[in-house]
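Undergrad: Sequence:
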Amino acid sequence: MFTGIVEELGTIVARDDLSDSARFTISGPLVTSDASHGDSIAVNGVCLTVVELSSDGAFTVDVMAESLNRSSLDVLATGSRVNLERAMAADGRFGGHIVQGHVDGTGSVTSVTPSEHWTVVRIAVPDTLSRYLVEKGSITVDGVSLTVSAIGTEPGGNGQSWFEISLIPTTLNETNLGTAQVGAVVNLEVDVIAKYVERLASANTTATPADAAGVK
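Each residue of the sequence shown is one higher than the last, beginning at 1 in full-length UniProt numbering.
Among these hints, one or two may not hold up.
Claimed, not checked - Distance windows between CB atoms, simulated:
(1) Val112 to Pro155: 40 to 48 Å
(2) Thr153 to Gly183: 17 to 25 Å
(3) Gly159 to Ala89: 41 to 49 Å
(4) Ser21 to Gly105: 17 to 25 Å
No lab work stands behind these hints, which were simulated from the structure alone. Just so it is clear, CB atoms sit at the ideal spot from N, CA and C, and this is done for glycine as well.
Please construct the entire structure, taking both the sequences and the accompanying hints into account.
TA: Structure, rendered in structure tokens:
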């Protein structure tokens, strides 16, 4: 599990495309400082397993086709900057929100509006995910835990759903969201609690307590 507090901006130093997957080597001296083979590291919000470590602070991960298809990792190339976070330690400080590293889908940046002390970024979101968003709720964008500052739908019968996030200078400077341009594709993970609530609310409400407990 992660918290969405990015620890380091890493760099893709190599990409090897295979028949049904891709292998990335990523420079990340901080996140590899105590890493071991088999550890989990979130790369732009995608939980990946370390399969190799090098002495120069790089690590290698295998990304299967499912992850490439469901995330923006497929557009990464040598030189791409990526947000990195190690899995949360059990005795660590919970600074963001519950982030599983399981990307629900992708969105696209539709506007970037700078101001003196922050930047507002609007992101188009699929309708399948927009129902999980509420103002002041949590959203993970490229592995960054953020607060939804506004939600809405473009005018028209089939208007595109969107949400906005307000980025402070620290987020702009220490994550790749600071260089995101209009049209950029970003990974989205909605609040897992919202998904559980939806699942429970849609369950058969006629079940008795004994049925729910498995008692016949």
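Undergrad: Taking the hints in turn, state whether each one holds.
TA: So, going through the hints one by one against the coordinates:
no. : hint                         : in the structure
1   : Val112 to Pro155: 40 to 48 Å : violated, 21 Å
2   : Thr153 to Gly183: 17 to 25 Å : holds, 20 Å
3   : Gly159 to Ala89: 41 to 49 Å  : holds, 43 Å
4   : Ser21 to Gly105: 17 to 25 Å  : holds, 20 Å
Hint 1 alone, counting from the list given before, is not met by this structure.
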